[in-house]
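Undergrad: Chains X and P supply the protein sequences, listed in that same order. Residue numbering for the first sequence follows this note's numbering, starting at 1 and increasing by one per position. Residue numbering for the second sequence follows this note's numbering, starting at 1001 and increasing by one per position.
Worth double-checking, as some hints may not be accurate.
Chain X stretches covered by chain P per the calculated footprint, using a threshold of three residues with CB under 8 Å from any CB of chain P [to be verified]:
1) 70–84
2) 98–108
Reference listing, derived: stretches of chain P covered by chain X, where coverage requires no fewer than 3 residues with Cβ under 8 Å from a Cβ of chain X [what the hints assert, rightly or not]:
3) 1023–1030
4) 1087–1101
It is worth saying that the hints were derived from the structure and are not from the lab. Every residue gets a Cβ at the ideal spot worked out from N, C-alpha and C, and that includes glycine.
Listed here are the chains, written in short residue letters.
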Amino acid sequence: SQWGEENLQALSIQEGEDVTMNCSYKTYTTVVHWYRQDSGRGPALIILIRSNEREKRSGRLRATLDTSSQSSSLSITAAQCEDTAVYFCATDETGGADRLTFGKGTQLIIQP
Amino acid sequence: AQTIHQWPVAEIKAVGSPLSLGCTIKGKSSPNLYWYWQATGGTLQQLFYSITVGQVESVVQLNLSASRPKDDQFILSTEKLLLSHSGFYLCAWSSSLGGREQYFGPGTRLTVL
């Protein structure tokens, strides 16, 4: 899982397999953001899950949030080569603007 | 539709030289704006945020400064670059209406030699 001082993690799976990436956070948050970043590009938001949601789905993506354990997960079903990217979770502090704190990220490689 | 543009795409600069990076958002009125820095292979670190013209808040000190001269423009600068400034600089925006989502630009790759 990502957070803290761990380095960027790497996961390599075969096309068609399912994968889950985990994220634990240290401070209270009402929202967990999941981003994917393709090489050399800016991150793109893929799922945003709020504290009143235990699960959220978007196509082959599924995010969960457990506020009691301060953890979130992102699952990809039937992974495809185009899912290869770095995935980050992020939490935010509000107060007029959203100060996102990003986890260390997971490098996901889908092998054909 | 909103578009976010960053310039330049990449820069190679000498230690001690000045730097100015720019970001423009089109199609969105009064957005919240953000600057992030990302080391190669690393995570994103938020540097500055701004909720209105002329107001910029610093999140972390890296011998950099930021300004918002126009509603749709955010500038990151320094008078003297350090080797540690190398990395990927990303601008992002979010709605001032509290949508919580942040949308990132394409980034500027900075190499300090």
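Undergrad: What hint numbers does the structure not satisfy?
TA: 1, 3
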